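Number of protein chains: 2
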Amino acid sequence: MSIPRNVPVILFGVGGVGRALVRQVLAARSRHASRLHLRLEFVALCDRTGAVVDVHGLSDDTRSALLAAKSAGTPLRQTPTGHSQPDPNIILEVAGRDGAIVIDCTASDDTCPALLMALGQGYGVVLANKRPLTGSWATYRQFMASPRLRYEATVGAGLPVIGTLRNLLDAGDQVTAIEGAFSGTLGYLCSQLQRGASYSAAVRAAHRLGYTEPDPRDDLGGMDVARKALILVRMLDWPLELTDITVETLYPAALSGLSVPQFLESIKVLDEPYAMRVQAAQAQGQALRYRAEVREGRCQVGMEPVPLDSPLGRLQGTDNLIAFHSARYAASPLVVQGPGAGVEVTAAAILADILALAALA
Amino acid sequence: MSIPRNVPVILFGVGGVGRALVRQVLAARSRHASRLHLRLEFVALCDRTGAVVDVHGLSDDTRSALLAAKSAGTPLRQTPTGHSQPDPNIILEVAGRDGAIVIDCTASDDTCPALLMALGQGYGVVLANKRPLTGSWATYRQFMASPRLRYEATVGAGLPVIGTLRNLLDAGDQVTAIEGAFSGTLGYLCSQLQRGASYSAAVRAAHRLGYTEPDPRDDLGGMDVARKALILVRMLDWPLELTDITVETLYPAALSGLSVPQFLESIKVLDEPYAMRVQAAQAQGQALRYRAEVREGRCQVGMEPVPLDSPLGRLQGTDNLIAFHSARYAASPLVVQGPGAGVEVTAAAILADILALAALA
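First to last, the protein sequences are chains L and Y.
The opening position of the first sequence corresponds to residue 7 in our numbering, with each subsequent residue numbered one higher.
The opening position of the second sequence corresponds to residue 7 in our numbering, with each subsequent residue numbered one higher.
Hints listed in this document are in silico derivations from the structure and should not be mistaken for laboratory results.
It should be emphasised that the depicted structure is a prediction, and the values quoted were computed from it without experimental measurement.
Check each hint, because a few of them may be wrong.
To be verified - Simulated DEER-style distance windows between Cβ atoms:
#: 1; chain 1: Y; residue 1: 180; chain 2: L; residue 2: 261; range: 56 to 66 Å
#: 2; chain 1: L; residue 1: 80; chain 2: Y; residue 2: 291; range: 49 to 59 Å
#: 3; chain 1: Y; residue 1: 61; chain 2: L; residue 2: 245; range: 35 to 45 Å
Stated by the list, open to error - Covered stretches of chain Y (chain L as the covering partner; in silico rule of three or more C-beta atoms under 8 Å from a C-beta of chain L):
#: 4; segment: 24-38
#: 5; segment: 168-181
#: 6; segment: 192-199
#: 7; segment: 318-326
#: 8; segment: 331-338
#: 9; segment: 353-362
Think of the CB as a built atom: it goes at the ideal place given N, C-alpha and C, for glycine as much as any other residue.
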């Protein structure tokens with residue numbers, strides 16, 4: 007048995023997903039050593055609060071202490087360069103070396119230059135962050151120029167969405183349409199409405215249960231779903247921008263300026279209109295679903311009535327669903343369904359991408 | 007733009023799937039050149055009727071003529087060594103070279119030695135053939151010793167089953183159960199029974215529509231489903247043999263010796279017992295499904311009543327379904343669903359595996 011090959015890993019974003027990734031890597035080390043003959047070694051952890059770098063790999067003690075501190079809300083230490091705000095480019099210069107893999111678990115645009123630099127150096131890049139692929143088409147093309155980019159976690163978390171679509175396309179299939187429900191939060195809202203809950207009660211429950219972002223308008227606005235749809239659309243080589251997607255926002259613009267408590271109080275006014283939409287759908291044997299649809303060069307995202315007896319209509323709770331229609335999947339689509347969010351399944355998707363890249367090296 | 011790298015491909019089995027693969031490779035060449043910088047080049051086509059080898063790659067004309075002839079039922083030409091029955095080992099010696107990928111689209115045990123030799127030489131191997139992985143556990147382990155083996159097409163054809171399970175395991179998830187419907191033929195039978203068709207009418211219709219093998223007992227025996235289940239079980243490192251799986255055969259042993267027309271005639275005697283099973287299930291709000299279940303170290307395959315309002319209960323027609331239950335997918339499983347057979351989707355799965363292996367080289 008040969009000694010496992012070291013693969014240096016640089017992590018941008020040490021939030022819930024980033025920390026779950028570190029834990030998963032450590033827990034799976036013996037499997038990786040015996041089956042894949044490799045050992046993933048974190049050489050840099052970096053977020054807005056600082057960065058820690060050790061080009062020989064952070065020791066178990068250092069890493070554990072850091073993750074515990076981060077979980078408790080303590081900032082990372084200063085950057086190696088002494089600046090208080092770490093610059094991802096500098097982290098990359100200090101920590102990067104042959105065969106490195108850079109992970110982006112942030113939700114920021116600021117990492118883009120460093121990620122492109124990493125790809126330019128021949129490093130692997132794994133994205134959970136949707137922003138690098140949902141900026142301009144020109145930037146998207148820059149990312150796609152490298153064969154060492156992976157981004158399975160950006161749509162459906164751990165569900166096999168990106169890889170499935172990539173395989174369909176690489177095998178020459180003609181994808182004619184993609185439709186699905188890409189938001190567990192909005193799936194929960196739709197299920198609750200279907201059961202007779204009022205809009206305001208459903209939104210407040212989702213907020214209380216932690217299904218929404220701290221500001222629920224970040225989910226209700228639909229832009230997160232639109233970004234996921236844009237990533238899929240662009241894989242089909244349709245050069246759309248985010249602004250080309252028709253997005254239905256589930257609250258009126260007049261409520262944008264309120265504080266979160268004010269917003270949660272004021273949405274009672276939406277109960278009646280939503281109840282009427284739900285009833286109109288049910289009268290037709292349909293259910294409302296927040297659906298993304300990609301078809302004929304266009305993309306739209308919004309609340310739509312769908313037949314109760316369809317895959318989307320049967321979807322319940324926070325599960326995601328994605329259906330691929332293609333020349334080879336014409337009579338019946340290829341469907342993937344399951345939980346599409348959560349730190350553990352998102353981290354698992356990133357880890358699978360890391361391993362695929364490490365195998366290329 | 008660099009010149010695409012040539013990847014030599016050796017194909018065992020020039021039936022419907024093998025021929026679809028050749029067509030798909032040719033049709034996707036420009037995408038492969040521009041996106042993946044590689045060109046798949048068939049250097050040998052081989053089946054029981056003969057073999058054709060050209061280490062520089064078969065010319066378009068040669069290949070087209072051969073495929074047309076094969077479609078019409080004409081044997082391939084003699085082997086390069088002059089023997090009337092081509093020996094896969096010899097084909098491999100003649101045609102193999104660095105970076106080669108060997109495809110097994112046969113349904114035979116005879117290719118095993120050549121496939122293991124190919125892996126030993128560092129070649130890639132892609133299986134649509136389930137037999138190499140469903141012989142003895144010891145042989146299975148020999149195949150798994152190589153990182154250059156792929157076999158997505160063996161379960162669910164083009165559906166992302168093997169890769170999904172591999173990713174769950176490599177990311178350290180604990181898979182607790184797998185259940186599903188892995189036979190489109192038996193799915194059709196179950197749907198027809200549910201609609202009130204008699205067993206004999208449903209089997210005859212499936213046979214007439216070409217959903218079954220030429221001898222429908224090859225489907226009704228359940229061994230094809232058992233082999234798929236065994237492949238999944240073994241991925242969990244459970245050292246089971248095919249004989250350890252409990253398999254329900256959907257016809258009595260007394261009908262084994264009959265000719266196909268005799269068999270199709272005699273199965274009327276099964277109409278009443280199956281009608282009673284269907285009615286008993288329906289009285290409980292359930293439907294019969296031919297289900298494979300992997301749980302707690304055991305595996306069973308057979309006709310089971312499942313709730314109508316469950317993923318398996320809602321499954322209709324020839325679609326396959328597979329549900330993975332794991333530590334991270336505990337509340338709700340990861341589900342993949344869609345057509346799980348057919349030459350085009352099977353060939354597409356093989357092609358995706360070829361490309362993944364080619365990227366490693």
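Which earlier hints can't be squared with this structure? Of the numbered hints, 1 and 6 do not hold.
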